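Fit chain V to the known structure of chain E by using the hints.
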Amino acid sequence: MIRFTHVTKRYPKGGPAIDDVSFHVNRGEFVFLTGPSGAGKSTILKMVYVEERPSAGEVKVAGFSSAAMGAGTVSKLRRRLGVVFQDFRLLEDRTAEQNVAFALEVIGTPESAVAPKVARVLTQVGLAGKSTAFPHELSGGEQQRVAIARALVNDPLVLLADEPTGNLDERATRGVFQLLREINATGTAVMMATHDLSLVKAHRYRTLEMHRGKLVFDSGAEFPASADEFDTAVPGPAPEPALQGRLPLADAERPADAPDAAPADGAAEAP
Amino acid sequence: MNLAVREALRAFQRAPMLSALSVTTIAFSLFAFGLFGLVALNLRNALQQVEERVEVRAFIAEGTLPEAVAAAIGDIAAFPEVQRVEMVSEVQALDRARRELGEFEDVFEAGILPASLEIRIKDGFRDPESVKAIAKRIENYDFIDDIRYGEEWVEKLYRLRTIASAAGVSLGIVFALVAVIIIGSTIRMAVLARSREIRIMRLVGATNGFIRAPFLIEGFLKGLLGGVLALLLTWVTYQFVGQYVVQATYFGGGMAVLGVLVGALIGLLGSAISVGRHLRRV
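Line by line, the protein sequences are chains E and V.
Residue numbering for the first sequence follows my numbering, beginning at 1 and increasing consecutively.
Residue numbering for the second sequence follows my numbering, beginning at 1 and increasing consecutively.
Only chain E is shown next, with the shape it has when bound in the complex (with noise of 0.2 Å):
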């Protein structure tokens, strides 16, 4: 569903931001960006919202090629992804529903759909007694499952997640991510950049890891045998099929303080 082959950016200044990355996502699949701060997630991402544009090779989304995408395809795309940021990006002078309902109502969706709608996703994310809260009477986890009402409103195909829960606290970290677990389940596929280690080695999705612009370990949509490092550096309970159904995360899930033992060890022998 999202396939990079060889891309590469550039910007004027400096070298390249993503250096020769190829990877390919498919539909349903959770999987972690990470790796450290200016080492190209987030240029990942907006490769895959078309916020920015390979200098070479090519994005392939939904179908959608980087290299033939007019404005109004770019459009066209989005509407099938969803997405959210570490900053949460609402607007203030709107109400949670209001909020939602505008991702809808910008793109033409007939005014008597947008009231179900807006209320399903807003039930989904578990807002639905704060409907009418505006951003600053919310704390900061619910403000962020505003915005992921948002990014669901449209029933993306992906949703893209860019440091979901760097501005969050532990406890809201776990919502949220628990949150992004149950929307994935349901079938959206979800890519989320974090840094945030302790999630990753928590949970045994595919991580895909950066390195200043290259993608320097892929664990795989299966956990390959290249992976076997990586899961020993992770103490807990044996991986969870990323597609079960709904799944309550207890906290004891959740090694709270598990060793540093960074994926980015097994980086020298990644494909």
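Worth flagging that the hints you see were computed from the coordinates, not collected in a lab.
Remember, predicted model here, so these are calculated numbers, not experimental data.
Backbone N, C-alpha and C define an ideal beta-carbon position, used for all residues, glycine too.
Each hint should be verified, as a subset may be incorrect.
[As the list claims (entries may be wrong)] Only some residues are given here: those of chain E computed to face chain V with a beta carbon under 7 Å:
{"hint": "1", "residue": "Ala68"}
{"hint": "2", "residue": "Met69"}
{"hint": "3", "residue": "Ala71"}
{"hint": "4", "residue": "Ser75"}
{"hint": "5", "residue": "Arg78"}
{"hint": "6", "residue": "Arg79"}
{"hint": "7", "residue": "Val83"}
{"hint": "8", "residue": "Asp87"}
{"hint": "9", "residue": "Ile107"}
[Claimed, not checked] Among chain E residues calculated to face chain V with C-beta under 7 Å, some are:
{"hint": "10", "residue": "Glu105"}
{"hint": "11", "residue": "Val106"}
{"hint": "12", "residue": "Pro110"}
[As the list claims (entries may be wrong)] Just a sample of chain E residues kept apart from chain V, beta carbon distances all over 12 Å, derived:
{"hint": "13", "residue": "His24"}
{"hint": "14", "residue": "Gly38"}
{"hint": "15", "residue": "Gly72"}
{"hint": "16", "residue": "Arg89"}
{"hint": "17", "residue": "Glu92"}
{"hint": "18", "residue": "Glu111"}
{"hint": "19", "residue": "Pro116"}
{"hint": "20", "residue": "Gly141"}
{"hint": "21", "residue": "Val216"}
Leaving out everything else, chain V in the frame of chain E:
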């Protein structure tokens, strides 16, 4: 209500001071435009009245046979450029002179003023060239002693009108440009004020046309409001001038509507130019 219109109206609600300011500036630009328009309109009307008096006066030699004059009158009246030919006899000329210059009544003796033909010219032939040509043709009659048509006067009149029109057009363009710039900068502020929304709109897949529409409507509405306000201002000024200075003519209904529409078009144009440029930077 349509979302684009709602968003445009929201812009007024969100920044009432800024919106009021831009509407007033547009109104003042159009007001200046309108005032000049009124001056031009009245000047034109005045010129028209003066022009209607443009006439060629041909003095008839003494002792000319009345039959010859009558035949000539018939001929001249048949010229396509001629509106009316009138014979002013010696007696009539004397009467008129005595009436117009009452205190010098005694100065005029019978026979001192020659008889003449007064030839009025049709609208459209009152420019210096045509008048001159007509005068030349009339001069060909043997019994015409002298012919006067105030060539300098006609030329001056025309020059005045040309200058007035040129000044009107150029000032109008300048004011329209100022209005476009003002609207452009208010739209720029509106785009920047809404940059967050615009980014989200793009992110969720709103089309460029959709993003642009509220700004175009906003510019159009501001221009429209500015136009109405300007019309009101010129009307008040007109009333004031009419009462204390000079009775003048006001715009007709069609012209008033046209003026307001021009305002709206200026608003639309200003926002269209600005929104394209600034959306790219958001």
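Hint check:
no., hint, result
1, Ala68, "violated, 18 Å"
2, Met69, "violated, 13 Å"
3, Ala71, "holds, 6 Å"
4, Ser75, "holds, 4 Å"
5, Arg78, "holds, 4 Å"
6, Arg79, "holds, 4 Å"
7, Val83, "holds, 6 Å"
8, Asp87, "violated, 11 Å"
9, Ile107, "holds, 5 Å"
10, Glu105, "holds, 5 Å"
11, Val106, "holds, 4 Å"
12, Pro110, "violated, 11 Å"
13, His24, "holds, 24 Å"
14, Gly38, "holds, 22 Å"
15, Gly72, "violated, 7 Å"
16, Arg89, "violated, 6 Å"
17, Glu92, "violated, 8 Å"
18, Glu111, "violated, 9 Å"
19, Pro116, "holds, 18 Å"
20, Gly141, "holds, 20 Å"
21, Val216, "holds, 29 Å"
Checked against the numbered hints given earlier, this structure breaks hints 1, 2, 8, 12, 15, 16, 17, 18; the rest are met.
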